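S.K.: Can you make the complete structure from the sequences, with help from the hints?
Same order as they appear, the protein sequences are chains A and B.
First residue of the first sequence: 0, per numbering that gives the first Met the number 0; consecutive thereafter.
First residue of the second sequence: 0, per numbering that gives the first Met the number 0; consecutive thereafter.
Read the hints as simulated data drawn from the structure, not as lab findings.
Since this is a predicted model, take the numbers as computed values, not measurements.
We put the beta carbon where it would ideally sit given N, CA and C, even for glycine.
Among the hints, erroneous ones may be present.
Taking lysine to any residue and the SDA-like style, the derived pairs with C-alpha atoms no more than 20 angstroms apart in a straight line are [what the hints assert, rightly or not]: (1) Lys267/B with Thr303/B; (2) Lys121/A with Leu300/B; (3) Lys324/B with Phe205/A; (4) Lys321/B with Asp333/B; (5) Lys259/B with His310/B; (6) Lys217/A with Lys370/B; (7) Lys217/A with Asn337/B; (8) Lys123/A with Ala299/B; (9) Lys113/B with Phe100/B; (10) Lys366/B with Lys217/A; (11) Lys217/A with Leu379/B; (12) Lys321/B with Asn225/A; (13) Lys121/A with Val231/A; (14) Lys141/B with Glu96/B; (15) Lys217/A with Ala389/B; (16) Lys324/B with Arg220/A; (17) Lys370/B with Ser202/A; (18) Lys217/A with Asp333/B; (19) Lys283/A with Leu322/A; (20) Lys285/B with His310/B; (21) Lys370/B with Thr203/A; (22) Lys324/B with Lys123/A.
Derived CB-CB ranges, DEER-like [claimed, not checked]: (23) Asn87/B with Ala306/A: 49 to 55 angstroms; (24) Leu131/A with Arg118/B: 27 to 33 angstroms; (25) Ser258/A with Thr110/B: 56 to 62 angstroms; (26) Ile312/A with Gln421/B: 55 to 61 angstroms; (27) Lys123/A with Gln421/B: 56 to 62 angstroms; (28) Ser96/A with Pro301/B: 48 to 54 angstroms.
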Amino acid sequence: MSQEKGITRHQGKTAVAVLQRYSYVIAFFALFILYYFMNQNLSWTGVTNIFRHSGVIGILSLGVGLVIVTANFDLSIGSILAFSASVAIVVFNMTDSILLLFLTSVLAGGLCGLFNGFLVGKAKLPAFIVTLATMLILRSIAQYYCQVLPDFYTGGGNNLYKLASTPAKNTLFSFGNSKFLSLPMVGIALAAVSAVVVYVTTSTKFGKKLYAVGSNAKAARLSGVNTDGIVVTVFTLSGLFAGLAAFLWISMQGSVDPSTTGKGNEMYAIAAVVLGGLSMSGGKGKFLGIFFGALSYTVIDKIIASAKVDSLINDAIKGTILLIAILAQGSGLNLKGIRGKFVKPDKQPEAAVSK
Amino acid sequence: MNMLEMRGIHKSFFGVKVLKDVSLTVARGEVHALLGENGAGKSTLMNILAGVLPMDAGEIIVEGKALKHATVRMTEGLGIAFVHQELNLFNDLTVYENLFFSKEITNRFGTLKKKDMIRESERLFKRLGMSIDPTLLVGSLKASEKQTVEIAKSIFFDARLLILDEPTTALSNDEIEHLFSILNNLKRQGKSFIFISHKMPEVFTIADSYTVLRNGEFIGSGSIKDVTPEALTRMMVGESYSSRSFYVPRELGEPVLELKRFSGLAFKDVDLTVRKGEILGLTGLKGSGSSEFLWTLFGALPATGGEMRVHNRVIERNSIRKAMKAQVSLLPPDRKENSSISEVSLLENMYISEHELSGRRQHIFRKREEKRFRDLQQQLSIKANTPYDAITSLSGGNQQKVFIARWLNTESEILLLDNPTQGIDVGAKAEIYKQMLRLAEAGKTIIFNTLELPELQKTVDRCAVFFEGRIAIVLEHEEINEHTVMMYATNAVQAEEGVLQ
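M.R.: Here you go:
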C-alpha cells in the first residue's frame, strides 16, 4: 500500500500545514507590512536597512542556533563578540592589515568557543554555567585591557577600542558600509552565512547529526556518532560566528566599546532562535526560521522607533512577542502530539492495528 | 445480578476503530482476567469504564443501573476503582495520610484528628488481612505493600469493582503470593476484580473467568476452568501464533569473531569463537555480565584485557567507531532510551550510523536514501507509510526493525542484539525471531542476549550461559532446556560436582 502510493516528503501538504510550517515567514511579513503602513514614505534604502541592521544579530543567532539544536546553550556570544572585536582592533593597530584583523577576529571567537566546547563536551560541565562564566570573564578582560593598554594599541579612544585612522581603515570602513546591487554588504554577509547554515543543516550528514544529538544523545552515541565531538564543534562554530559578527561590527562602526557592545545580544539571539521556531530542548527546528526571526526583531525595533514610542518600552514589546511566539509553538506541539498518537485509518491501517 | 455488564462498546480515535462491538461481563465476587496483546483495546475499554473516555456506542450496566455519559466522579460513586500500573501514592506521606488524602478527619477548626485516622486505618488493614503500620512513610514500603495500600484505599472508599492494571509487574514471587492472598480474601467479601495481565501462570492461579480482546474485537470469554494456557495464548495472538519452533539447523561458515581471554568491567576471560551465519545465544541471571559483554564488544563499555579478532584482524578496543568499521553493531535494550531518536524522521533514524561511516562525502542524496529505505523496509517488512514519518508513529516491533535496518544499512556483518524483544508483544516477537533466522541464513552472524529461555530455543545454534561474569558452559541447540540453563546460570552444577568429589 505505501509502496503504491509512492513516497512523498509528507509532513502535511494541506494549505494549513504549509502555513504552520512557515509561520516564521508569515510573522516577518506581517510585521513588515505593519512597518510599511506606519511609514508611508518608506524608501528602498529603508527596506534594505533592515538587512544591514540584522547582520550582526542574525549571524550570532545562527551560531547560537547550532548550539541550541544539540540541546545545549550559549550565553557567552555577546561577550565573545566584544572580546574578539577588541583583540582584532589591537592587532589591526599593530599591523595595519585588514586580513589580519579579519583572521584575528574570527580566530579569537573560535578559540573562545572551543574553550566553551571543551568544558561542556569533554569535561561534561553544564553549558549554562560554563557560558555564564565565560560571558563574565571575556567582557571583563576586554574592559580591563582597554584601560591598561597604551593608546597606540587601543587607537586612543576613551574607553573604546578604535581603529587607527589609516588608509586601510578607510578601505575597511567603506567596505563595511558599501552596497552591492543596492543591498548593504552586511546584509549580504548574513544572507550568505544563512544559506550555508541552511544547506549544512538540511542536506549534509553533519547537519543531521546535530539534530540526532539534540534529540537523544545516548542513542546517537550508540549509533556511532561522536557526540562529545559534535558538542565541541557547535560551541566552536558559535564562537567563530561571533568572531565573524565582530568583524562586521568593526567594519561598520570602526570601534568597539567593551562595556556595551554586544551586551544582551545573547538574549536577542536566543529570542530570534525561538521566534524562528527552534525547540529549546533541541533536535527540532529550521535554520531558515532563525534568519527570519532575526529580521523580525529588527523590524520590531524599527516599528517602535517610527511609532515614536519611548525606546525604553522596546524590550517589553520584544518580550511580549517572544511569549506569544512560544505560546503559538506550544499549542502547535500539542496538536502534533495528538496526531502522532492516532494515525488516520486510510493512510496507515496496519500500523494503527499492530500498535 | 452481575456486578458489571458492558455491551456492544464502540470507540474510534480520529477515524481509527479501536473498539468494535466489545462486551465484558463481570460477576459479583470474582476475579475476571482481561487478556490481550498491547494495543488490543484493554486500556481503552477500562478508561471508558472508569469514565476517563467517552464511548461512541454501547451500554454499561453497573449492578443493574445503566450508566450514561459516565464521568470519573460518577463511576467512583458507583464503586468502581482503577488501580493504575504506576501507583498514585505519595511516597513522602505516611500510609494513613495517603489513605485519607483530601478526605481527612478533622475537628471543627480544621485540625487533623491523626489518632482517629490511624485507628481507622488499622481497623481497615485488619479487616483486609494486611499487616502494615499506618504511620510508616509510603516510600519505605515494598512494592507489593504499596499495591495493597492502593487497593485498601479503594476499598476504604467503598469500591466494589477494582480494575487492577498489571498489578504484578513490579512484584517478586513472594509479594505476588501475598497480593493474591489479599485478593482471595476480598473476593470472599464479595468484591469483584478485573485483572489485566500478560502472565498466564498468574491468570490461572487467581482468575475465575476471562475475556480476550484482539485488535479491538471481542474474541471470547468463559470460565478459566474450561480453558488451557495454550488455548488462551492462541486466542490472544491469533493465527500468527504457533508453538512450533522456528529453528532450522544451518551450515555454518568460517570463524568470524574470535575472543581470547576477553575481559571487561562485569565479565572476565571469555574465550569464544563464533562462525559466519551462526546465531549464538547468551543468557544468565540478571547482572551475570552477558549484557555488558555485548556492549564491550561494541566498544561502548571499556574492555580491560584480552583480544578481539574479527576476520582474523585484531580490533582496537573501546571505540564504537572501530567496532563499526569492523562491521560489528549493537542493538541495545530499552529502545526508547538507547535507540529511538524521536525528533527526527524514520529515514534519518535508519541512516544515522551509515552517515557516520560515509562522513567523507557530506552531501545527502535524498532520492538514493529514499530508495534504500524502501529496500530495507521491504526486506524487513517494516510497516510504515513514508520515510518522513515520526519513529514514534510505529509500533514497538516495527521501531525495533528500523533500528535493525540502521545496522543492515551499514553492511554490518556481526549483529549484537541485547534483549531485542523487550516491551514488544507476542506477535511482533515472533516476527523478530523470523528476521533473525533469515539474516543468519543470509550469512549474518548474530549474538543474541536474552533472559527468556523460549526465545533461545526458537532461534540459537548455541547458547553461552553466564555466571558471575564468566561463561559457565556453551550448550548446543538440542541441549538447551530450562533445567540445564538454570543449573549453570545459578552455578548449581558446581555445587553438585563439589559434592560428588
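S.K.: Which of the listed hints are not met by the structure?
M.R.: When the structure is compared with the hints, numbers 4, 6, 10, 11, 20, 22, 24 and 27 turn out to be violated.
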